[in-house]
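Asker: This is what each chain is made of:
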Amino acid sequence: MKKVIVAIMVSLCGIVSAQEVEKDTIKKVSLDSLAKTVNEHSEKLAGYEEKFSGLEAIINELNKIKVSGYIQAQYEAYDTWSSDGTIHGVPVSGSASYEDNSFYIRRARVKFTYKPIDGVNFVLQPNFEVHQVTLKDAYVQLNDRWLNTFSLWVGQFNRPTYEIEYSSASREFAERTLMTRTLYPTERDQGAKLEADFVTQYNFPLKLQFAILNGNFGEGSLASQAKDVDNAKDLMARGVYSLKMLNNSLGIDFGAHTYLGKTTVIAQTTPPTVFSDVNNNPFTPKVGDKLKKDLFGGELQAYYDFLGGMSLKGEYIRGTYSGTTNAAQVNSLFNANKVRNVEGYYISFVKNVGKVNTASIRYDVFDPNTKMSGDAITSAGDLRYNTWTYAWQYFFNDNIKIMACYLMPINEKSQNAGADFKGDKHDNTFTLRVQARF
Amino acid sequence: MKTTKLKIAGILFVIMTIGFSFTMVNKVTIKGSDTMVILSQKWAEVYMKKNPGASIQVTGGGSGVGLAALINGSTDIANASRPIKPSEVEKLKARYNTLGVEIPCAKDGLSVYLNKANPVSSLTLKQIGQIFAGKITNWKEVGGPDAPIKLYGRESSSGTFGFFKDNVVKTDFSPSCQTLPGTAAIVNAVKKDKFSVGYGGAAYAEGVKDCAVKKDDKSPGILPTAATIKNHTYPITRYLYMYLKSRPTGEAKEFIDWVLSPEGQKLIEEVGYYPLK
Numbered sequence: 000m001k002k003v004i005v006a007i008m009v010s011l012c013g014i015v016s017a018q019e020v021e022k023d024t025i026k027k028v029s030l031d032s033l034a035k036t037v038n039e040h041s042e043k044l045a046g047y048e049e050k051f052s053g054l055e056a057i058i059n060e061l062n063k064i065k066v067s068g069y070i071q072a073q074y075e076a077y078d079t080w081s082s083d084g085t086i087h088g089v090p091v092s093g094s095a096s097y098e099d100n101s102f103y104i105r106r107a108r109v110k111f112t113y114k115p116i117d118g119v120n121f122v123l124q125p126n127f128e129v130h131q132v133t134l135k136d137a138y139v140q141l142n143d144r145w146l147n148t149f150s151l152w153v154g155q156f157n158r159p160t161y162e163i164e165y166s167s168a169s170r171e172f173a174e175r176t177l178m179t180r181t182l183y184p185t186e187r188d189q190g191a192k193l194e195a196d197f198v199t200q201y202n203f204p205l206k207l208q209f210a211i212l213n214g215n216f217g218e219g220s221l222a223s224q225a226k227d228v229d230n231a232k233d234l235m236a237r238g239v240y241s242l243k244m245l246n247n248s249l250g251i252d253f254g255a256h257t258y259l260g261k262t263t264v265i266a267q268t269t270p271p272t273v274f275s276d277v278n279n280n281p282f283t284p285k286v287g288d289k290l291k292k293d294l295f296g297g298e299l300q301a302y303y304d305f306l307g308g309m310s311l312k313g314e315y316i317r318g319t320y321s322g323t324t325n326a327a328q329v330n331s332l333f334n335a336n337k338v339r340n341v342e343g344y345y346i347s348f349v350k351n352v353g354k355v356n357t358a359s360i361r362y363d364v365f366d367p368n369t370k371m372s373g374d375a376i377t378s379a380g381d382l383r384y385n386t387w388t389y390a391w392q393y394f395f396n397d398n399i400k401i402m403a404c405y406l407m408p409i410n411e412k413s414q415n416a417g418a419d420f421k422g423d424k425h426d427n428t429f430t431l432r433v434q435a436r437f
Numbered sequence: 000m001k002t003t004k005l006k007i008a009g010i011l012f013v014i015m016t017i018g019f020s021f022t023m024v025n026k027v028t029i030k031g032s033d034t035m036v037i038l039s040q041k042w043a044e045v046y047m048k049k050n051p052g053a054s055i056q057v058t059g060g061g062s063g064v065g066l067a068a069l070i071n072g073s074t075d076i077a078n079a080s081r082p083i084k085p086s087e088v089e090k091l092k093a094r095y096n097t098l099g100v101e102i103p104c105a106k107d108g109l110s111v112y113l114n115k116a117n118p119v120s121s122l123t124l125k126q127i128g129q130i131f132a133g134k135i136t137n138w139k140e141v142g143g144p145d146a147p148i149k150l151y152g153r154e155s156s157s158g159t160f161g162f163f164k165d166n167v168v169k170t171d172f173s174p175s176c177q178t179l180p181g182t183a184a185i186v187n188a189v190k191k192d193k194f195s196v197g198y199g200g201a202a203y204a205e206g207v208k209d210c211a212v213k214k215d216d217k218s219p220g221i222l223p224t225a226a227t228i229k230n231h232t233y234p235i236t237r238y239l240y241m242y243l244k245s246r247p248t249g250e251a252k253e254f255i256d257w258v259l260s261p262e263g264q265k266l267i268e269e270v271g272y273y274p275l276k
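Taken in order, these protein sequences are the chains called G and F.
Numbers 0 to 437, taken from numbering that gives the first Met the number 0, label the letters of the first sequence in order.
Numbers 0 to 276, taken from numbering that gives the first Met the number 0, label the letters of the second sequence in order.
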């Protein structure tokens with residue numbers, strides 16, 4: 000028995016030692032292969048590092064480009080009737096028929112911003128429409144890197160007023176006021192703008208803007224808007240100061256702006272076209288005559304943190320404005336050969352309701368002829384409009400909002416400005432809009 | 000008849016407006032500054048233990064990311080290690096019709112980290128700014144050895160980056176400044192590289208040395224300590240903030256009140272920052 004046990008132990012020892020020998024061999028082989036593997040991986044890692052640094056350079060370049068944009072798709076219902084009640088709706092462009100409701104792509108815009116180096120922005124924003132693509136913003140913005148205060152914009156950009164600079168993607172109402180749409184058609188113009196914002200560097204909440212503009216953007220055919228049609232440049236200036244009160248729960252921004260421009264008579268007809276002056280008296284300008292386009296305005300926006308935030312905003316503009324029916328210069332909302340004293344204002348109240356709803360109401364007035372009223376007015380284009388606008392917005396998420404908006408224009412009545420305007424023309428509009436923003 | 004309908008519609012409108020305005024939410028989300036993540040998590044953890052029904056969710060991402068989330072409505076509170084920018088206030092005005100609510104909730108000092116083997120031990124604010132702007136590129140220009148300076152910093156979404164840029168560098172960072180994801184990574188990098196310099200929260204300076212900072216040539220160098228940060232004698236001192244869209248209500252208000260209470264403030268020093276008082 001002992002012999003058997005010894006024999007088993009000896010053989011076990013043999014196995015154990017054999018295993019040890021085997022282990023040693025494996026260890027050697029393992030170390031060699033491990034070293035080889037490590038080398039291979041190091042080479043691979045070096046390769047990846049090289050690849051990544053190449054990719055990083057590409058990503059850094061791509062990071063300088065920002066793409067944003069928004070689409071506004073809406074359903075509109077026009078409660079618009081002719082004076083005798085026979086026609087319901089608005090004229091269909093290019094057709095003799097009328098429509099009283101329609102789906103409509105109001106905006107389809109993509110904005111590209113390229114920041115090659117700190118302090119320089121290139122911005123390009125086309126607007127896609129069913130029948131054309133138009134250029135909305137195209138400018139170079141140079142920010143001063145030393146004082147962090149000044150910026151120079153050159154190209155095509157928004158005219159500096161509060162309502163224009165407040166993006167339609169953020170606006171609480173379907174459209175801007177009649178005053179702004181008439182006096183600053185299509186909002187933008189071409190030129191150069193210098194801005195000074197003293198808040199970043201000096202903690203002084205004053206912003207000043209000065210612009211020199213062609214002055215004819217949004218007027219006449221698209222081709223005639225590409226360049227200045229009369230050589231004369233229009234000037235704009237705006238200043239805004241911000242106040243904070245009541246432990247920062249109340250913020251008030253107030254300011255003023257001016258527009259100093261001209262409508263140059265660039266052609267005359269045979270026989271000569273007769274214009275009317277601010278008192279509606281006729282006069283016949285010569286080619287080269289410059290008609291006044293001077294506007295002065297004040298603005299105020301107040302924000303108060305009460306049950307989720309609310310704001311009260313208003314602007315007032317008055318001055319002298321001129322228009323012409325010349326196809327290269329015509330402003331579709333001031334479509335007559337005339338010079339007029341104009342005045343307008345709006346007051347809007349916006350209240351956030353909970354986290355995702357906003358209720359808004361606006362009252363706006365635009366009088367395109369302050370010197371005349373009532374039956375003395377013989378043209379619909381001289382009638383004053385008081386407009387009520389009610390809107391409700393629901394923010395589905397960061398990207399999508401839904402807006403319901405009802406617009407109620409009330410026109411000044413005249414027995415001599417067409418049958419539609421002997422009373423208040425029925426011309427209300429309901430808009431249900433879905434906006435997707437990215 | 001028409002007038003009655005309008006009146007009813009008007010009354011309903013007012014009731015809905017007021018009713019929705021009082022909507023309360025029990026879950027509170029906090030997003031933003033990476034510097035403040037550990038502190039906020041600590042606050043949330045202790046607060047939820049004391050208030051079992053409460054739910055406080057904390058995530059990082061950087062001050063800029065938190066403030067963007069506040070503006071787009073995806074967080075209730077934004078943590079920020081820098082003050083809100085005027086452009087961010089404009090966005091709050093446009094979306095919420097408020098200026099936002101700023102609540103300073105702790106103090107922090109930004110330390111300038113140096114490798115322990117680096118003979119340089121103090122710098123003026125101006126020198127630090129010039130170093131990170133790339134205008135001073137060799138240690139010999141500030142009394143050190145003849146060796147190039149290697150720079151480490153944070154990404155541009157970081158509030159620490161923004162605060163350091165606005166208050167110390169005052170211009171663009173040098174393109175050679177290597178950005179790293181988080182203060183711990185900067186500390187590690189400086190630990191390994193004798194001639195490097197980085198910046199970040201004073202509490203993170205383990206294995207590296209703090210640079211004594213002088214306000215100007217004539218001032219003494221001040222090290223970032225609890226005392227110098229609390230009494231603002233250390234020149235690179237900042238507040239840590241919570242931002243809300245509007246005045247807090249419900250659970251968010253109770254949480255913030257607790258954070259500002261002696262009990263909440265007591266936790267701040269445990270994670271390396273400093274209470275308001």
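Since the hints were made in silico from the structure, they are not lab data.
There could be a bad hint or two in this list.
[Stated by the list, open to error] Within a straight-line C-alpha distance of at most 27 Å, the following computed BS3-like cross-link-like pairs (lysine-lysine) qualify:
#1 F:Lys169 to G:Lys206
#2 F:Lys84 to G:Lys63
#3 G:Lys354 to F:Lys214
#4 F:Lys90 to G:Lys114
#5 F:Lys149 to G:Lys50
#6 G:Lys114 to F:Lys134
#7 G:Lys206 to F:Lys90
#8 G:Lys354 to F:Lys90
#9 F:Lys134 to G:Lys354
#10 G:Lys63 to F:Lys149
#11 G:Lys110 to G:Lys65
#12 F:Lys90 to G:Lys243
#13 F:Lys191 to G:Lys43
#14 F:Lys84 to G:Lys114
#15 F:Lys252 to G:Lys243
#16 F:Lys191 to G:Lys354
#17 F:Lys84 to G:Lys65
#18 F:Lys84 to G:Lys206
Asker: Can you give the numbers of the hints that this structure goes against, from lowest to highest?
Answerer: Per hint list: 3, 9, 16 violated.
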